[in-house]
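Protein sequence lines, in the order shown, are assigned to chains A and B.
In this text, residue positions in the first sequence follow the numbering used here: the first is 14, and each later residue adds one.
In this text, residue positions in the second sequence follow the numbering used here: the first is 97, and each later residue adds one.
Don't take every hint at face value.
Unchecked claim - List time: in silico BS3-like cross-link candidates among lysine-lysine, alpha-carbon distance up to 30 angstroms:
#: 1; chain 1: B; residue 1: Lys-112; chain 2: A; residue 2: Lys-126
#: 2; chain 1: A; residue 1: Lys-300; chain 2: B; residue 2: Lys-313
#: 3; chain 1: A; residue 1: Lys-315; chain 2: B; residue 2: Lys-359
#: 4; chain 1: B; residue 1: Lys-112; chain 2: A; residue 2: Lys-315
#: 5; chain 1: A; residue 1: Lys-210; chain 2: A; residue 2: Lys-179
#: 6; chain 1: A; residue 1: Lys-315; chain 2: A; residue 2: Lys-205
#: 7; chain 1: B; residue 1: Lys-313; chain 2: A; residue 2: Lys-307
#: 8; chain 1: A; residue 1: Lys-179; chain 2: A; residue 2: Lys-205
#: 9; chain 1: A; residue 1: Lys-126; chain 2: B; residue 2: Lys-313
#: 10; chain 1: B; residue 1: Lys-359; chain 2: A; residue 2: Lys-274
#: 11; chain 1: B; residue 1: Lys-203; chain 2: A; residue 2: Lys-300
#: 12; chain 1: A; residue 1: Lys-307; chain 2: B; residue 2: Lys-359
#: 13; chain 1: A; residue 1: Lys-339; chain 2: B; residue 2: Lys-203
#: 14; chain 1: A; residue 1: Lys-205; chain 2: B; residue 2: Lys-359
#: 15; chain 1: A; residue 1: Lys-126; chain 2: A; residue 2: Lys-101
#: 16; chain 1: A; residue 1: Lys-101; chain 2: A; residue 2: Lys-210
#: 17; chain 1: A; residue 1: Lys-307; chain 2: B; residue 2: Lys-203
#: 18; chain 1: B; residue 1: Lys-293; chain 2: A; residue 2: Lys-274
If you're looking for bench data, these hints aren't it; they were derived computationally from the structure.
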Amino acid sequence: MGNDIVVWVEQFEGEAPGASWEAMGAARSLAEGQGGDVIACLFGDDGLEELAQEAFSYGADKVLLARGASLVDFRVEPYAALLEQAVKDVEPEIILIAATFRGRELGPALAVKLETGCIADCTALSTEDGQVVATRPIYAGKLMSRCTIPERRPQIFTTRVRAFGKPEPQPDRDGEVVELEPTMAEDQIGVKVAGFKETEGGVSLADASIIVSGGRGVAGPEGYEPLRELAETLNAAIGASRAAVDAGWIPYEHQVGQTGKTVSPDLYIACGISGAIQHLAGMRTSKVIVAINKDPEAPIFKVADYGLVEDLFDAVPALAEVLREKLQ
Amino acid sequence: MHIVVCTKYTPDSEAKMSITEEGNVSWGDSPLIINPWDEYSVEEALLLRDEYGGTVTVISMGPEEALEALKHAVAMGADEAIRVWDDACAGSDTLATSYVLAKTIEKIGDADLVLCGKSAIDAQTWQTGAALATRLGCPSLMYTIDITELNADEMSITVERLLEEGRQVVSAPLPAVVGTIKGINEPRYTSFIGIRKAAKMDYPLWTLEDIDADLQKVGPSGSGVRWPEVFEPPVREGEAEIVEAETVEEEAEILVEKLLAEKVV
């Protein structure tokens with residue numbers, strides 16, 4: 014068994030999410046400490062050559078690339094089987110996978126196939142006495158846990174989105190591309206993809222660097238309109254509290270908190286959100302938090318960096334107006 | 097149609113979590129409840145049963161506290177409930193837990209569909225569903241937000257599942273493991289009659305021997321992951337700086353200056 018690190022780079026329509034490059038950066042940092050190569054695994058069909066170059070620029074030393082009709086869409090069966098084969102050939106010490114929806118499904122499936130451990134949603138990785146120590150949030154970040162995989166190899170980790178910095182791409186970096194054959198034929202795969210309904214417009218919560226979020230204070234579905242205008246100005250994603258989602262004002266995809274998404278943007282603007290412990294659990298690691306709320310006693314002001322004690326329907330448009338001027 | 101739902105007990109999501117002087121996790125006096133995510137799978141199982149007929153069996157690997165999860169599912173309307181436990185199961189990670197659940201489902205024998213929540217709100221690994229599907233050699237359909245078709249004659253299922261960019265529409269043969277997420281349904285409240293039924297219900301305990309499990313594959317010896325240390329995260333310091341001015345427009349100006357200085361816009 015060598016000391017190489019495999020990173021699975023996910024792609025959708027030939028594009029990789031920032032989260033995969035964050036995982037690549039984490040792999041690069043581990044490799045600086047323990048030696049070994051960083052090997053990217055890239056499965057799909059069209060556009061993989063460009064992605065392979067991108068993988069080199071973000072820190073891969075080598076790319077294992079597999080293409081085929083059965084690999085166009087992510088499905089656990091063919092992807093896990095292929096990754097298992099690649100891992101058996103490479104014998105890496107470590108496998109890193111971004112903790113996206115796909116990654117969170119692929120990681121544990123691969124762990125079962127390899128009969129090894131998979132530590133989910135890591136927010137920090139370090140090496141102590143030749144052993145990787147992972148830090149991860151539990152109970153929605155109310156507590157943290159340090160975990161290891163002491164006996165089994167390889168060690169699999171999924172990296173929480175935006176927990177690791179995205180490396181600066183180095184366009185002059187290059188490496189070797191090795192082609193792999195898909196291991197499963199289409200007729201061996203049970204799951205068939207019948208279509209894809211893309212979310213209409215807007216920025217995804219998971220990798221947004223700015224989130225504009227609305228709670229009970231938006232008072233109805235139309236109350237999100239000023240928030241959307243502010244979000245458009247900032248190229249931000251729209252978030253929501255559980256109260257707003259439960260009231261049916263906005264779909265669940267937007268919910269931030271313990272029973273929604275955990276986010277960690279550079280800027281989180283909470284509009285009309287009181288700051289229930291469940292909501293705070295999902296956004297407390299944001300770099301800067303702005304709270305806009307009529308109620309000066311709202312708990313959200315306890316975690317916010319800046320606060321406006323104002324009606325959001327006055328403050329949000331005013332903020333959008335100023336930003337439009339300044340950011341032009 | 098025999099639908100099996102995997103559940104887990106957790107502290108209430110409102111619980112204030114802390115670490116005791118002995119280094120153990122404490123949820124104070126908060127109650128133990130069914131993992132909130134599992135309520136969606138129980139509800140979906142009941143809806144499917146009512147439409148297609150059949151039985152809903154809930155299972156949970158855990159000590160006696162796991163009865164909280166099973167009782168809640170029965171009070172909602174589940175037909176059967178089985179607890180699986182042996183002290184050797186303590187310290188199981190998702191690799192070992194998925195093994196025990198898979199052996200339990202194999203012992204049940206005729207499961208057409210297995211449902212589970214997307215994740216448990218305690219350890220939050222999101223792993224058990226996909227690991228279980230792989231153990232059973234079944235299709236893995238995690239993050240399902242809509243079961244659009246269940247064809248009992250052809251034994252197939254079509255679902256919409258959530259990915260970052262939107263919803264992937266997939267079909268698969270049964271048996272399959274479906275992971276549900278919020279938005280798929282609105283879990284019902286338990287009724288007085290349901291709670292009474294749950295109180296009177298018999299909850300068989302299956303041991304590792306009952307499910308023919310290999311002792312080496314459960315607990316720490318069957319696990320890859322160890323978690324030697326749990327700690328409280330550093331608290332976010334202090335109170336917000338409240339921006340105050342004559343008009344809201346001026347406040348907006350001041351705030352934007354501060355955000356520009358922080359380099360976050």
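### Violated constraints from the hint list, given by number and in increasing order
1, 2, 6, 7, 8, 11, 13, 14, 16, 17, 18
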